Amino acid sequence: MEDNSNKTDEMVFGEIIGMRDEIGEIQEAIADFEVGKKLNVAIIAGLFGGKTTLIKEIEKLNLSRATKITFSEIVRNKKEISLSGDTKRVVLLDNCHFLYVRKPGGFDIFYEFLDMISSQNRIFITTWNIYSWKYLKEVFELEKYFPVQIVVPAFSEEHLKQLIFNRYEEGEIIFNNGGESDEEPVAYITEYPIELSAIGKKISIPILKINIHYLKKYLLSEKKEKKEGKEKTAEHRVFERIHLESKGNPGVALRIWKLALDYPHIKLEDVGNFSYDIELEQEEAFVLNLILSYQGLKKSDIVDIIGSMLKTDEVLFQLLNQELVFEDENDSFRVRPEALHSVITYLEKLRLVW
Amino acid sequence: MVDGNSVNTTREQLLETIKSIETQTLVNIILAFFVAYIFARIITALLSKLSEKMSRSGRIKVKMVIPAVKFGIYIVAFYYFLTELLNIFGPELFLLTGLIGAAVGFGLKDLFADFVGGVIITFEKPYQVGDKISIGNYYGEVTDIGLRATKLVTPDDNTVTAPNSLIFNEAIASGNYGASEMMIVIDLYIASESDVKAAMKILRETVVTSKYVYISRTSPVILLHKSLPFYTRLRAKAYVNDLRDEFEFESDVHTRAWTEFGKNGIRAPQLHILNIPQIGEESELRTTRRKNDRSNGRHGRDSDFNAGSQKNS
Chain A
3 MEDNSNKTDE MVFGEIIGMR DEIGEIQEAI ADFEVGKKLN VAIIAGLFGG KTTLIKEIEK
63 LNLSRATKIT FSEIVRNKKE ISLSGDTKRV VLLDNCHFLY VRKPGGFDIF YEFLDMISSQ
123 NRIFITTWNI YSWKYLKEVF ELEKYFPVQI VVPAFSEEHL KQLIFNRYEE GEIIFNNGGE
183 SDEEPVAYIT EYPIELSAIG KKISIPILKI NIHYLKKYLL SEKKEKKEGK EKTAEHRVFE
243 RIHLESKGNP GVALRIWKLA LDYPHIKLED VGNFSYDIEL EQEEAFVLNL ILSYQGLKKS
303 DIVDIIGSML KTDEVLFQLL NQELVFEDEN DSFRVRPEAL HSVITYLEKL RLVW
Chain B
5 MVDGNSVNTT REQLLETIKS IETQTLVNII LAFFVAYIFA RIITALLSKL SEKMSRSGRI
65 KVKMVIPAVK FGIYIVAFYY FLTELLNIFG PELFLLTGLI GAAVGFGLKD LFADFVGGVI
125 ITFEKPYQVG DKISIGNYYG EVTDIGLRAT KLVTPDDNTV TAPNSLIFNE AIASGNYGAS
185 EMMIVIDLYI ASESDVKAAM KILRETVVTS KYVYISRTSP VILLHKSLPF YTRLRAKAYV
245 NDLRDEFEFE SDVHTRAWTE FGKNGIRAPQ LHILNIPQIG EESELRTTRR KNDRSNGRHG
305 RDSDFNAGSQ KNS
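Protein sequences, first through last, are from chains A and B. Per our numbering, numbering through the first sequence is continuous, rising by one, with the last residue being 356. Per our numbering, numbering through the second sequence is continuous, rising by one, with the last residue being 317.
FYI, nobody ran anything at the bench for these hints, they're computed from the structure. Being a predicted model, the structure only gives us computed values, none of them experimental. From the three backbone atoms N, C-alpha and C, an ideal C-beta is built for every residue, glycine too. Among the hints, erroneous ones may be present.
[To be verified] Chain A side only, calculated, beta carbon under 10 Å to chain B, not exhaustive:
#1 Val103
#2 Lys105
#3 Phe109
#4 Val141
#5 Ser199
#6 Ala200
#7 Ile201
#8 Gly202
#9 Gln284
#10 Glu285
#11 Phe288
#12 Asn291
#13 Ile307
#14 Glu350
[What the hints assert, rightly or not] Incomplete in silico selection of chain B near chain A, CB under 7 Å:
#15 Ser59
#16 Arg60
#17 Ile206
#18 Glu209
#19 Thr210
#20 Val212
#21 Thr213
#22 Lys215
#23 Ile219
#24 Asn245
#25 Arg260
Work the whole structure out from these sequences, hints included.
In structure tokens:
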């Protein structure tokens, strides 16, 4: 049997989970625009936070009146952001953090973009990486151009479960080897991850939890249901761990799930507890900050920003060596999902992100 | 008037009491100060090490605690010393305080002033460990505030030991005052005919994209422009994220700004504007002066004046 999760990727990400309030707010801004009130929208989220999923949903809901442009790398040509005459009145711009380069002379496209969104009779719904957004907000007061700002919320445990289960048939995944031999405890110790930006480390604290889920089943159910109850509580504990570890970030949760899954089995002890001991030099931390803020950066872009091929090679080697980043199929360097929270904590310590 | 016999008797009593001090008591007092010293050193080292592992703001906060902890330890040791002293001398203590007063008045007054300065620095905090300060003729990062002196590390990595009593006579400037960010003023001079708007834009972008910059609503980047007769001064006021990177920040801005200025045809002020001959012109000028000297038969000083006046005319 094979893990058929990849086949259903499109379907899963096509279906919006949660975020009903956020969709409502955006639709309201579009409706206001139709009656003459222009409220540009900024959708802000962390890496793997689900902003692209949200904007795709907005596109689906406004197919007849929206034009969508997705930026997948740093924009260097003004033509890429210029809108043709047949562009619809609702403009969806995905990944707007690619509109600037963090170097002198690297903001011309960005100035053009600000001019466009403030002067044209269109509503602009844009998505931003949260760290780029915060940086541009401090430097250019970007929030003034976007009266509606939507920060994509973290997923609840239930939503994460739904996101992951949508990829499988019912009963396809077996928790704790089918729950045959594993006894469910009445109380258990769970590792609670805490990010201490004062020391730049992510640590885990053991916390005693009462297995309410199991107790409910055990006390209230018939004998036949008790066995099912065992598996249900194992499932609950797996998702509880994934939720704690990912902090409700869907991309990170999926990665943790994939790493733990021994298809079709998944065991609680296989759900990783990811903590990275990061020690970087100034330049390395700065490049890591760039990769985090842009979501993905090509080597040529990094060379362009820091101005040295030799230094870039050295820095990337360090970041790859410490398993903080990886190179994807588009030759972009990205932060590893499982290292994301450790990276953020470390960069917060250095005040490179805030 | 004090009776001479009674003074003699008291003196003898004091001498008797001093003679009666047991070696054990003396050893205990010395040991108490020694233990306090070692303990203070250990605590300082541990806190310093801990602070270096912390975030930039955390580092300063932990270091702020160090002088207070040290003083606490020494106060405990001093209290022990006083108790022992009271046990030994009892009512004759006032004679000893007179002796101490005389010692402070003559030989140890500077030491005493330093100690009082240390107490004031610890509690009033005109500066803290981790601050970048200017005191007297020195500038550097405060690495230690002791009972007697404050240690600074200068940008050239010299350790300066400044007596704490300096705070009574000298003005102290603290660049960051407990914060880990610090304002840096960066001046760049460009030729008057350069495009100032373009230069200001480049300078701003250079500052805000620096890896060393710290930007927030309370710590904004400010750009100033001043036109002077022969050149234009551009001034950027921005905060460096970690005060230890003060000079790296300045250097980073200079390097990248001038690279960008070069690409945009923005030049540095030309030397001839300041009446300083450029390389190449200098030797030519000297030859002309010599020729003038010979033809006029004057001394060098006059010919200098001549050359100047000719140029001016």
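Q: Return the numbers of the hints above that this structure violates; sort them in rising order.
A: none
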